[in-house]
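S.K.: Each chain is listed here by its residues.
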Amino acid sequence: MKPRTALLLLLPALAINLVAFLAPMANLASYAFHGVSPSGAILPGLSLGTWAALFDDSFYAELILTSVLTSLGVTALTLLLAYPLALFVHRAGPRTKNLLMVACLSPLLISAVVRTYGWLVILGDHGVIYSVMHALGVEHPPKMVFNQTGVIIGLVQILMPYMILSLLAGFGRLDPAFEEAAASLGAPPWTVLRRVVLPLSLPGILLGFLLVFVLTVSSFITPKLLGGGRVFLLATEIYDQAIVTLNWPLAAALSLVTLAIFGVTLGLYGRLARAMEQA
Amino acid sequence: MPHLTLSALEKRYGAAAPAVASLNLKVAKGELLGLLGPSGCGKTTTLRMIGGLIPVTSGQIDVAGRDVTALPTHQRDMGIVFQNYALFPHMTVAENIAFGLEMRRTPRAEIKPRVQQALDLVRLPDLGHRKPRELSGGQQRRIALARALVIRPSILLLDEPLSNLDAKLREDMRTEIRDIQQRLGITTIFVTHDQVEALAMCDRIAVMRAGHLEQLGTPHEIYEQPATRFVADFVGRANQIAATRDADGTIRAGALVFRGPPGPPGQVTALIRPHRLGFAPAEGGNTAAGIITRVTYVGDLLACTVDCGGVSLTVEQPTLPGLPTPAVRDQVRISWRIEDTLVFPAE
Ligand SMILES: Nc1ncnc2c1ncn2[C@@H]1O[C@H](COP(=O)(O)OP(=O)(O)OP(=O)(O)O)[C@@H](O)[C@H]1O
Ligand SMILES: [Mg+2]
Chain A
1367 MKPRTALLLL
1377 LPALAINLVA
1387 FLAPMANLAS
1397 YAFHGVSPSG
1407 AILPGLSLGT
1417 WAALFDDSFY
1427 AELILTSVLT
1437 SLGVTALTLL
1447 LAYPLALFVH
1457 RAGPRTKNLL
1467 MVACLSPLLI
1477 SAVVRTYGWL
1487 VILGDHGVIY
1497 SVMHALGVEH
1507 PPKMVFNQTG
1517 VIIGLVQILM
1527 PYMILSLLAG
1537 FGRLDPAFEE
1547 AAASLGAPPW
1557 TVLRRVVLPL
1567 SLPGILLGFL
1577 LVFVLTVSSF
1587 ITPKLLGGGR
1597 VFLLATEIYD
1607 QAIVTLNWPL
1617 AAALSLVTLA
1627 IFGVTLGLYG
1637 RLARAMEQA
Chain B
964 MPHLTLSALE
974 KRYGAAAPAV
984 ASLNLKVAKG
994 ELLGLLGPSG
1004 CGKTTTLRMI
1014 GGLIPVTSGQ
1024 IDVAGRDVTA
1034 LPTHQRDMGI
1044 VFQNYALFPH
1054 MTVAENIAFG
1064 LEMRRTPRAE
1074 IKPRVQQALD
1084 LVRLPDLGHR
1094 KPRELSGGQQ
1104 RRIALARALV
1114 IRPSILLLDE
1124 PLSNLDAKLR
1134 EDMRTEIRDI
1144 QQRLGITTIF
1154 VTHDQVEALA
1164 MCDRIAVMRA
1174 GHLEQLGTPH
1184 EIYEQPATRF
1194 VADFVGRANQ
1204 IAATRDADGT
1214 IRAGALVFRG
1224 PPGPPGQVTA
1234 LIRPHRLGFA
1244 PAEGGNTAAG
1254 IITRVTYVGD
1264 LLACTVDCGG
1274 VSLTVEQPTL
1284 PGLPTPAVRD
1294 QVRISWRIED
1304 TLVFPAE
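For the record, the sequence lines run as chains A and B.
Residue numbering for the first sequence follows this note's numbering, beginning at 1367 and increasing consecutively.
Residue numbering for the second sequence follows this note's numbering, beginning at 964 and increasing consecutively.
Hints in this document: simulated from the structure, not taken from any laboratory.
Check the hints yourself; a few may be wrong.
Unchecked claim - In the SDA-like style, the derived pairs of lysine to any residue whose C-alpha atoms are separated by at most 20 angstroms in a straight line are:
| hint | chain 1 | residue 1 | chain 2 | residue 2 |
| --- | --- | --- | --- | --- |
| 1 | B | Lys1094 | A | Pro1569 |
| 2 | B | Lys1094 | A | Arg1539 |
| 3 | B | Lys1094 | A | Asp1541 |
| 4 | A | Lys1463 | A | Leu1531 |
| 5 | B | Lys989 | B | Gly1180 |
| 6 | B | Lys1094 | A | Lys1463 |
| 7 | B | Lys1094 | A | Arg1640 |
| 8 | B | Lys1094 | A | Thr1371 |
| 9 | B | Lys1094 | A | Leu1531 |
| 10 | A | Lys1590 | A | Thr1432 |
| 11 | B | Lys989 | B | Ala1210 |
| 12 | B | Lys1094 | A | Thr1432 |
| 13 | B | Lys1094 | A | Ala1543 |
| 14 | B | Lys1094 | A | Val1563 |
| 15 | B | Lys1094 | A | Arg1561 |
| 16 | A | Lys1509 | A | Gly1490 |
| 17 | B | Lys1094 | A | Gly1490 |
| 18 | B | Lys989 | B | Ser1021 |
| 19 | A | Lys1368 | A | Leu1380 |
| 20 | B | Lys1094 | A | Pro1410 |
| 21 | B | Lys992 | B | Ile1017 |
Source: prediction; values computed, not measured.
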């Protein structure tokens, strides 16, 4: 194809991106460099006031750190739970495999809002878990909603299908013949897992980590509902600033911070993926 | 005492006919046994049962007098060369070979020289630092062999280790594997569907058919005294003639009449190897007159198809300089020894 024809074919996509993505992004960036009146009106002159506030108030540094750490924790936990499952699905026969895939992905058919409310019912005071623990003689069962625990449990469950999908996508090099070869050379099952299966599934692990981490950082509904306003994460804070406090410049600045976190994550991913290809 | 014994071994996948049934085999220490048979006859299944990669349905496997039937693969001490190499893609060639030694807790200082020895053994001394994907198919095969040999397994299992190699490399590898196996004295099971390979390499051959052992014997026995028509047909080339046998051993196929070994009269199939047929008269043997219908030149051989009273026979002659070349429509007399007529009851 001639370069000119190719360019022509790209034009529609380019136009849509310009209007629907780049323009709002530019707008967002500009908000972050304006002041705001108490009524929420954006002041005309350029100002670095928002950024100064962001760097001065240790609340925001903590918010960013908690967000990143919580997201890393959620991602790691999701990986830990999804990995054996994905491995099992990968090894199943073709028919069982299809069934298992459907089973793994079916939660995606229900909106995250509904699933989050489901968790509220299960984890809440007088919910199933509370009642069972109480019946078993636990005097004061630990609180599991409206705190970090609830947010983590909810996010892990909601994001697991994405992790399973990524892992399965990255398991391409994982041939049972390698495990058989390792066993024939004298490797017991755990060693086979550590020396052969894990290294060969690294591309899937990396992909799943990237995807779920990004989804966790940007997740909003689940932390909002299961956190009960007591868990402060980037996405929920952006929402509060934009909708409740009407401080759009601060919301914009926090969005840019989130974007920067994604940028760093993607950069790291690219590096690791390339290193792995050469390994 | 045999080193490896298979007793009444059986494998069923689901409800279908067994993939391997009532298989009894004894393999001596240091012997190279070939498992030969057409595709789907259960060779790989047998090998995988011996290696512990699939459970047996019934029967027993003993190694050196010890029942290993229930032992997991990693405790069986068998070197396996897989049909698709299965070299670990994330390790270098040297790491691949060292893997089995590490599993055996070989001291670090000893691993390096032994890896190098193994590389030398398969004549690829300089490829230790490469990744498997940077090797040719033949080189990968040899590394897979080195990886299986370096652990000095008590039994070596080879699943079609020479398939999809070019003819020249195949022949080199054939002698190489045989040499190494002899030098190290490793009891070896060699799966192949190539009869030339089996005849050339093995001490004994087990011919399998549809999950059953059809015949067990030395290459000479398998080739010269096939127990069944299937073996005679599968191992080596043969002219097949549907015929009837009289009480006195005379065999008739249309106008073609010849003698064979005595046996019960009735419908039979006679088999004659093409290279045992000749144009020179044989003392006291069978003769038949015919017309050459086709001549095929394959370098070292000249294959002539001869029509003998309605029966088509292929005669293979070595191409020798100075010998007159037969031509199509030549009238010829072909002859062969009576012992070279193999007769089996018609199926
Ligand atoms: N996992 C399986 N499930 C069901 N049937 C199987 C399985 N593996 C093998 N079979 C069947 O068992 C029979 C023997 O298969 P096997 O792989 O042992 O043949 P083979 O002699 O090695 O053939 P080839 O020369 O083609 O490799 C075949 O009929 C095959 O279809
Ligand atoms: Mg096979």
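S.K.: Determine which of the earlier numbered hints do not hold for this structure and return their numbers in increasing order.
M.R.: 6, 8, 9, 11, 12, 17, 20, 21
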